[in-house]
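Colleague: One letter stands for each residue in the lines below.
There are 4 protein chains.
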Amino acid sequence: MKDATHAHHGYIDNKEDYLKRLRRIEGQSRGLQRMVEEEQYCIDILTQVSAMTKALQNVALGLLGEHLSHCVVQAAATGGRETNEKIKEANDAIARLVRS
Amino acid sequence: MKDATHAHHGYIDNKEDYLKRLRRIEGQSRGLQRMVEEEQYCIDILTQVSAMTKALQNVALGLLGEHLSHCVVQAAATGGRETNEKIKEANDAIARLVRS
Amino acid sequence: MKDATHAHHGYIDNKEDYLKRLRRIEGQSRGLQRMVEEEQYCIDILTQVSAMTKALQNVALGLLGEHLSHCVVQAAATGGRETNEKIKEANDAIARLVRS
Amino acid sequence: MKDATHAHHGYIDNKEDYLKRLRRIEGQSRGLQRMVEEEQYCIDILTQVSAMTKALQNVALGLLGEHLSHCVVQAAATGGRETNEKIKEANDAIARLVRS
Numbered sequence: 001m002k003d004a005t006h007a008h009h010g011y012i013d014n015k016e017d018y019l020k021r022l023r024r025i026e027g028q029s030r031g032l033q034r035m036v037e038e039e040q041y042c043i044d045i046l047t048q049v050s051a052m053t054k055a056l057q058n059v060a061l062g063l064l065g066e067h068l069s070h071c072v073v074q075a076a077a078t079g080g081r082e083t084n085e086k087i088k089e090a091n092d093a094i095a096r097l098v099r100s
Numbered sequence: 101m102k103d104a105t106h107a108h109h110g111y112i113d114n115k116e117d118y119l120k121r122l123r124r125i126e127g128q129s130r131g132l133q134r135m136v137e138e139e140q141y142c143i144d145i146l147t148q149v150s151a152m153t154k155a156l157q158n159v160a161l162g163l164l165g166e167h168l169s170h171c172v173v174q175a176a177a178t179g180g181r182e183t184n185e186k187i188k189e190a191n192d193a194i195a196r197l198v199r200s
Numbered sequence: 201m202k203d204a205t206h207a208h209h210g211y212i213d214n215k216e217d218y219l220k221r222l223r224r225i226e227g228q229s230r231g232l233q234r235m236v237e238e239e240q241y242c243i244d245i246l247t248q249v250s251a252m253t254k255a256l257q258n259v260a261l262g263l264l265g266e267h268l269s270h271c272v273v274q275a276a277a278t279g280g281r282e283t284n285e286k287i288k289e290a291n292d293a294i295a296r297l298v299r300s
Numbered sequence: 301m302k303d304a305t306h307a308h309h310g311y312i313d314n315k316e317d318y319l320k321r322l323r324r325i326e327g328q329s330r331g332l333q334r335m336v337e338e339e340q341y342c343i344d345i346l347t348q349v350s351a352m353t354k355a356l357q358n359v360a361l362g363l364l365g366e367h368l369s370h371c372v373v374q375a376a377a378t379g380g381r382e383t384n385e386k387i388k389e390a391n392d393a394i395a396r397l398v399r400s
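Protein chains in written order, with the working numbering: chain B, 1 to 100; chain Z, 101 to 200; chain A, 201 to 300; chain D, 301 to 400.
Derived by calculation from the structure, the hints in this document are not laboratory data.
None of the values given here were measured: they were computed from a predicted structure.
Among the hints, erroneous ones may be present.
As the list claims (entries may be wrong) - Which residues of chain A face chain D? A partial, calculated answer using Cβ under 8 Å:
1) Y211
2) L222
3) I245
4) Q257
Beta carbons are placed, not taken as given, at the ideal position from N, Cα and C, and that holds for glycine.
Full structure from sequences and hints, please.
Modeller: So this is what it looks like as structure tokens:
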């Protein structure tokens with residue numbers, strides 16, 4: 001699945017933004033551990049799980065959008081066999097997101 | 101939203117199991133940061149995001165199940181006004197999960 | 201899975217409302233066929249699919265809520281073996297909704 | 301949102317297949333009405349709702365995949381301003397699917 005042919009992925013321009021969002025998600029996962037440790041109320045924990053799931057989903061949608069605008073568009077512009085492969089790969093990723 | 105009346109929540113019996121799963125999820129969020137840091141391929145990152153989302157969802161379904169079997173059943177057995185409130189609270193949590 | 205012991209399910213009081221919502225969903229499915237028949241734009245079709253999915257999800261959340269408030273609470277109030285079975289059944293239904 | 305510039309959408313080659321799937325979904329929506337009419341058990345109704353939601357999701361993923369392989373790739377190959385617009389439109393549709 002590695003993509004050695006492109007040195008530059010779409011999300012790289014916003015790398016710092018994605019890292020910041022993922023660090024916040026890491027913080028949320030630690031917050032959840034503290035809530036369980038302190039035996040907090042289930043419903044309050046579930047509220048936090050939903051917030052964290054939404055944050056993760058937004059990261060995924062962001063990455064996917066940049067992947068489509070960069071890698072997929074680039075492959076399509078170049079043409080050739082690689083395009084279909086890229087599209088199939090993107091579709092599979094979208095199906096995993098929709099089903100998860 | 102705090103539940104002062106029950107000293108014992110449903111998930112407590114499996115507290116260690118939930119903490120272990122949440123620590124693994126924390127590890128996944130750090131793994132994602134490393135992937136972005138190393139500028140790995142978007143699709144591979146998305147695959148990891150989907151796996152992490154599924155793990156979070158399973159934690160949520162587990163907590164919700166124990167909440168229903170313990171807190172909600174206990175409230176229903178006692179009867180009284182609290183039951184409706186607990187059911188409403190559970191429904192709202194389910195709706196947030198289904199929509200997230 | 202039939203539930204012969206309860207003559208009265210939670211959603212029955214709102215039976216007409218559910219039928220109305222399901223007829224509207226049936227209409228949406230016919231609308232989608234017309235859009236495909238007329239070869240309308242994919243993205244417009246997808247917008248309608250998302251609206252229909254949301255409508256279905258809301259029906260499911262409504263039915264589940266009434267199931268919890270009626271059948272599950274009733275089973276819990278009566279106590280006994282049936283309660284665990286009802287809770288397990290509800291959890292399985294919730295998991296299917298969250299994962300679909 | 302109409303796309304007058306392309307006379308041929310990606311899904312058209314499989315138009316009959318999509319119509320067949322949508323007719324089956326219409327049948328499921330009528331089956332659900334019959335279940336409510338006959339006051340069947342909530343959990344059995346919910347099982348059918350989940351099956352119907354999955355069928356709808358698969359239609360959406362299929363249409364989206366063909367949209368990406370045809371309209372988006374075509375726009376990207378042509379280049380120009382339209383590409384960004386197409387990508388934005390596709391991303392928005394994906395976000396609606398993931399969130400519904």
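Colleague: The structure should be examined with respect to each hint, and the outcome stated for every one.
Modeller: Results of checking the hints against the structure:
| no. | hint | verdict |
| --- | --- | --- |
| 1 | Y211 | holds (6 Å) |
| 2 | L222 | holds (5 Å) |
| 3 | I245 | holds (6 Å) |
| 4 | Q257 | holds (7 Å) |
No hint from the list above goes unmet by this structure.
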